[in-house]
Structure formats: C-alpha cells, structure tokens
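Enquirer: Listed below, chain by chain, are the residues.
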Amino acid sequence: MYVTLRDRPGAGQGPATGRVVRRVSSTVVLLGTVSLLTDVSSEMVASVLPLYLTAVVGLSPVAYGFLDGVHQGVSAFVRIAGGYAGDRGGRPKWVAVLGYGVSTISRIAMLPAAGFAAITAVVTGDRLGKGLRTAPRDALIAEASDPSMLGRSFGVHRALDTIGAALGPLVAFALLAAVPGSYDSIFVVSFAFALAGLAVLVLFVPDLRTAAGTARIGLRRALREVSGHRLRRPLLAAGLLGLLTVGDGFLYLSLQERDDFAAIYFPLLYVGTNVAYLALAVPLGRLSDRVGRGRVLVAGHGALLACYLLAALPAGGTGLTIVVLLLLGVFYAATDGVLPALISRLVPGETRGSGIAAAQTVVALARFASSVLFGLLWALQGPSRSLVLFAVLLTAAVPVAAWLLRGIGREEEERAQEVRP
Amino acid sequence: MTLRVRVALLVALLIAVGLGAGGYVWNVRQSQAQNRAAAPVVARGGDLVSFRGTPHLVFRSTALGNEYGRVAVVPLAAPAGPRAFTPAACERVYATAEDAICLSAERGIVTRYRAQLLAADWSPARDLPLTGLPSRARLSRDGSLAATTTFVFGDSYANPGQFSTRTLVTRTDGEVVGDIEKFALTVEGRTVTAADKNLWGVTFADDDRFYATAASGGKTWLVEGSLSRRTVKALRRDVECPSLSPDRTRVAFKKRGDLPPGRWRLAVHDLRTGAETISSEQRSVDDQVEWLDDSTLIYGLPRTDTNGAATSDVWRVPADGSGPPLVLVPDAWSPAVVR
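Protein chains in written order, with this note's numbering: chain A, 3 to 423; chain B, 19 to 357.
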C-alpha cells in the first residue's frame with residue numbers, strides 16, 4: 003500500500019500540490035521562526051545553567067552532570083506520547099502549543115526555584131515540553147510541505163532552529179555583561195523570547211488537520227502503523243546506525259584529551275559543528291530530495307566514520323580538530339532533518355506524528371545505549387581504541403543500513419511520480 | 019481572526035513582552051547601581067604589609083560593592099574586623115607567607131580561566147598552565163609546589179555524575195611536575211587503569227608526599243601520593259577534597275555517605291587510627307576545607323538569604339565534632355590561613 007496524496011485531507015487545495023512549488027511553505031518558515039525564538043530562549047538558559055548552579059545555587063559540577071542525565075531520559079519517552087497525541091486529535095498544532103507552552107512556563111518558574119530539587123523539576127518540565135512538541139511539529143512540517151521537497155523543508159526548519167541555538171548564548175552573555183550576576187534577568191528575557199515564539203505559533207501557524215474527518219486514530223492503529231512492514235526496515239536501519247553514533251560530547255572530549263587547542267576552546271567546539279550544520283542543512287536537504295533521503299542519510303554516516311578515524315589519530319592539531327568539527331556538522335545536516343523527511347513519506351498522514359516520534363525515539367534510545375557502551379569502553383581502554391572499534395563496526399553497519407534503506411528511495415520516487423499530475 | 023487582527027495581536031504582544039523584559043533588566047541594572055552605591059560598606063582598614071606580618075587569613079571578599087571578588091586579608095586576631103584589600107581579583111585564592119596562587123576567570127562567550135602566582139605585592143608574577151573551570155587551588159607549606167584542579171568537562175552524556183577534571187602540580191618556579199591523573203593509582207593492591215579515573219583536591223604533606231581524592235566508576239578514595247615515584251595509593255573509601263591538619267595527623271574531607279548526589283557532610287579522618295569524626299556542620303559543604311588551627315576547620319558556604327547575589331561566608335566548626343558552626347568571616351570565600 004502506497005501512501006498517496008489522497009490520504010491527505012485537503013489535498014488538491016493545499017498550496018503544495020498540483021504544481022511544482024519552488025519555495026518552501028510559509029508554514030515551515032513560521033515553524034522555523036518559532037523554533038528559532040524558542041531556541042534562543044532555551045540556549046540562553048542552558049549556556050548559563052552550569053554557572054548558575056555552581057556559582058549561585060552552590061551545586062558542584064557533579065550534581066550538574068546528574069541533572070543532565072535526567073534530561074536525556076525524559077525527552078525520549080514523552081516524544082512518543084506527543085506524536086501519538088497529535089495524531090489522535092488530528093490537530094498536531096495544539097499538542098505543539100502545549101509542548102512549547104510547558105517550556106515557556108518553565109522559564110519563568112526558574113525565578114522562584116531554589117535548590118537542587120526545584121531546579122531539577124523545572125528543567126525536567128522544560129524537557130517534557132521539548133519532547134512533547136518535537137514530533138507534532140515535524141508532522142506539521144511534513145503536512146505543509148510538497149512531498150518532493152520534504153528534505154529541503156526540514157533543512158530550512160533545522161537551519162532556523164540552529165541560528166536560534168547559536169544566538170542564545172550570545173544574548174545570555176551580553177546580558178550577564180550588562181547586569182553582572184543577575185541570572186533572574188536571563189530567565190525573564192528567556193521567558194520573553196519563549197512567549198514571542200509561542201505567540202507566532204498560536205497566531206500564525208495554520209491549524210492543519212492531519213486525521214481524515216472525525217476518524218480518531220486508536221492506539222492500536224498507531225502501533226500497527228509504527229510497527230508495520232513499511233517502517234520496519236527504516237527503523238531498523240536508524241536503530242543500527244544510532245547504536246554506533248557516539249555522543250558529540252565524547253567526541254569533543256577525545257579531541258580535548260589530544261590537543262591543547264581543543265582543551266582551551268572546549269566550550270566553543272560545538273559552535274564549529276553548528277556552523278557546518280547551519281550551512282549544510284538546506285543544501286543537503288535538497289540533495290536528499292533529489293537523490294533519495296535514504297542515500298543522504300547513509301552517506302552522512304560516512305562523514306561520522308571519518309570523524310571517528312580522524313579523532314582516533316594519535317596526534318592532532320588545530321586543522322584536524324576543525325575538520326572533525328565540520329564533518330560532525332555534515333553528519334547532523336545529513337541526518338537530523340532527513341530522517342523525519344524520510345519517515346513522514348512512509349506513513350499515512352493520520353499516523354505521521356507517531357511514525358516520526360517512533361523513529362526519533364529509536365534513534366535517541368539507540369544513541370543513549372551507544373553512549374553508555376562507549377563510556378564503558380572509554381573507561382576500559384581509552385578514547386582512541388574505542389573510536390577505532392566503533393569505526394570498524396560502523397564500516398560494517400553502513401552497507402547493512404544502505405541495504406535496509408535501498409528499496410525505500412525507490413518507493414519514494416514512485417510515490418513522487420504518483421503525486422505529480 | 020483576520021490576518022490584520024493577528025498581526026496586531028502579535029505586535030502588541032511583542033511590545034508588551036519587550037517592554038516587560040527590558041524594564042525588568044533595566045530595573046535590575048538600576049538597583050544594582052543603587053546597591054553598589056548604598057552597599058553597607060564592609061569594614062576596611064589596616065594595611066596589607068602589617069597584616070602580612072602577623073598570623074592572618076587570605077580570602078576572596080564577596081562583600082557587594084566595587085571590591086567584589088577581590089582578595090582581602092584580615093589578621094587572625096580579628097577575623098570579622100576591618101579587612102585590607104589587595105589589588106588581585108580571584109575566584110579561588112590560596113596563600114602561604116610569601117606566595118599566593120590565584121585562579122581567575124574572565125567571563126565571556128568563551129570564558130578564559132587562568133592560574134597565576136602572585137608576587138609579594140599581589141601583582142601577577144607567573145602564569146601556570148590551566149584549562150577549565152577553576153575548582154581547587156593549594157600551595158605546599160613552603161610555597162614551592164602549587165596544585166590546581168579544574169573541571170574540563172563538568173557534564174555528562176550518559177553517565178550521571180561523570181565529569182572530567184585536570185589536576186596539575188607545578189613547581190612555583192614554573193617547572194611542571196605533572197598531571198597527577200597520569201600517576202599510577204593502586205586500590206587494595208590492584209592498579210586501576212580505568213580511563214575514567216579523576217584525581218582532584220590536592221593537599222601537600224611535604225615536598226614529595228601529598229593527599230588527594232581519586233575517583234573511578236562512581237567511587238571515591240582518599241589517596242596518598244608521591245611526586246617523585248609518580249604513584250598514588252588509596253587509603254580509604256568515600257573521601258573528597260582532603261585537607262591535611264597543620265600537625266599532619268588528620269585529614270578533613272567531604273563525605274558523601276548516603277546523601278543524594280551533590281551533597282556532602284564535613285568529616286575528619288585520623289591518619290594514625292583510621293577513626294572518622296563527623297563534624298556538627300549539618301549543611302552540605304562543597305569546599306576544600308582549611309584548618310584554622312589543629313582543632314578548628316574553616317570553609318566557605320554560599321549565603322542563601324540574599325536575593326540572587328553570589329554572597330558567601332567563611333564558617334568555623336570544631337574538628338572533633340563538638341560545638342556548633344559559627345561565622346568566622348562574613349562576606350568571604352576561599353580562605354587560606356597563614357601563620
């Protein structure tokens with residue numbers, strides 16, 4: 003069974019059908035703007051949180067590490083719930099509004115929060131909101147986009163998102179320079195950005211309905227779709243690749259162990275990655291529309307493989323460090339937006355949110371397992387040998403993933419033919 | 019709602035939110051300026067040179083005002099009395115009679131941290147290698163060795179509580195003795211090769227011997243090390259940030275026990291008998307304790323009743339577990355006793 007455009011309510015009237023649209027849908031740009039504002043807000047807080055906790059609340063960095071562990075777990079599980087809730091109501095926008103709203107409230111709740119337990123609760127609330135909104139938002143992007151340019155749409159969204167993530171710390175440190183030590187000011191301004199993002203979402207993002215008529219998607223139906231044969235191979239491939247994806251934190255640590263440049267600029271390493279991600283999210287998204295999303299996804303893991311090998315070299319240097327960071331950005335650009343673009347064409351519109359959420363959760367859990375495994379290996383034999391081992395395993399896994407995803411591209415192409423009159 | 023109404027709503031909201039947040043920040047800025055002007059001026063007086071001639075306490079002053087973060091000195095005879103300010107500004111400071119080590123941070127997009135040895139006039143004499151967020155600083159008694167601990171990575175991806183420190187021991191003439199995390203660590207006769215081992219919180223016994231914390235796989239130990247042999251050996255479990263008493267018989271430390279992560283009790287370990295004494299300080303202390311004398315511990319605690327300002331006090335508590343904790347120096351942090 004192929005998913006055709008007739009599965010989508012409103013097909014034929016939407017701006018994305020019936021002709022080859024060159025521009026990305028305004029809904030995608032609006033959602034990107036929402037993400038940009040929200041990311042300014044969340045990265046403002048995230049970038050000062052270690053300082054705030056250690057300097058003002060008086061926690062040690064160890065306790066902060068514990069907090070970070072909490073985040074990772076919460077987000078993955080709520081994501082499925084968010085995806086399903088969006089599908090079941092058929093109006094993912096309002097689930098996304100709820101998710102963004104929870105995060106917005108958590109900003110202002112930082113003001114009265116004092117002490118480890120309260121801050122953990124507030125930060126966990128923020129992550130709950132993030133987990134909740136991701137899948138319905140991606141479902142909206144898919145819904146609003148011409149199927150032949152899904153990769154590009156997700157690329158545009160992720161690029162805007164990354165701009166916000168890059169601006170957030172700048173705003174935060176500018177504020178800290180203006181009002182030294184006033185973390186409350188950061189929380190208030192962060193709240194203002196989050197509120198602005200929420201307003202753009204509520205007022206301007208169209209309330210696209212994904213479910214046909216009033217037919218509500220039962221849990222069983224969603225489960226069947228998610229575990230059905232069309233998603234089985236891509237989910238397997240995503241899980242397999244995710245299991246061999248070392249967390250970027252570990253990669254930065256390997257670089258830092260090796261050379262002084264990386265150690266001094268440790269807090270800036272992620273900027274290098276983000277720059278490459280930002281620059282390549284749209285081009286690689288477009289490429290994935292042209293040559294097949296599965297192919298770009300698999301090729302992205304080639305960049306990751308190169309990262310491992312370069313980071314495992316005994317001697318580093320500034321140039322090599324930068325190359326590793328850029329390759330990591332290439333990897334994210336080729337996978338982060340491309341995966342939901344790939345998945346959203348494989349499931350019918352009614353269960354799109356659940357499908358995207360399932361894929362993202364599979365990846366998140368696989369990467370979490372991979373991080374635990376890599377952490378253990380690191381403890382046993384150090385970074386270099388662990389990276390080489392992961393590189394070897396990834397070399398074996400990439401062809402398997404390519405084989406698993408091979409048919410998918412063709413199905414997509416056929417579907418694309420069907421779509422165009 | 020028509021597009022026009024929605025645009026109008028958004029503009030109105032942006033203006034309201036912008037004015038609200040802007041006003042809040044402006045207000046904070048104004049009140050900060052007022053506070054600086056009206057700050058209860060911490061008693062200042064005496065002169066550095068004469069204070070340095072008597073037994074004294076060197077610390078980071080956290081009194082609000084223009085001198086916030088500056089290193090100050092008070093005589094031990096009147097620790098809560100007037101303080102003399104030095105020109106140095108440090109996050110952490112430690113001093114002996116002649117030398118001082120200062121860990122400082124220049125906050126910015128990339129916060130740059132530096133460790134500097136200060137000359138007798140408190141001007142920077144020499145930069146020591148340092149990467150990461152300053153956490154602990156100690157000098158040996160004769161001031162010839164310096165140890166700094168920084169958090170290179172205070173964050174964890176998968177393992178809660180995992181972090182990475184760097185602890186460097188340097189001769190104060192500039193010669194780097196080494197990263198003690200590279201020293202061979204033995205626990206109960208077995209060598210620990212795990213790459214997740216961290217060592218921090220050095221306290222020097224003499225020109226070769228030191229004590230520190232070692233951690234691996236979620237456990238911590240009190241370790242005794244030798245700089246010349248480049249070895250560290252575990253003495254007992256659950257010890258963080260040891261500090262050797264002036265008579266070198268006991269070690270004060272942070273004990274995790276069954277407390278939740280990020281909370282510690284202050285305790286003392288007797289090196290001769292192995293006995294452990296828990297201090298009467300009930301609050302969680304995250305500091306490397308200093309000894310005021312052979313029977314009194316001093317340590318910094320953040321003050322919680324100030325609204326948001328990072329103020330702290332230096333407290334004292336008897337080392338034998340008797341008596342309540344008392345404020346030794348208000349508006350102070352990172353104390354070093356110099357006799």
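No wet-lab data here; the hints were simulated from the structure. Honestly, I wouldn't trust all of these hints.
Where chain B lies over chain A, by a calculated footprint (3+ residues, C-beta under 8 Å) [what the hints assert, rightly or not]:
no.	segment
1	28-41
2	134-141
Away from chain B, derived, C-beta distances all over 12 Å, residues of chain A [as the list claims (entries may be wrong)]:
no.	residue
3	V99
4	A111
5	G127
6	F206
7	R211
8	G230
9	H231
10	R234
11	I324
12	W380
13	V402
14	A404
15	R408
Quantities reported herein were computed from a predicted structural model and do not represent experimental measurements. We put the beta carbon where it would ideally sit given N, CA and C, even for glycine.
Enquirer: Going through the numbered hints above, which ones does this structure break? Give me the numbers in ascending order.
Expert: 1, 2, 6 and 12
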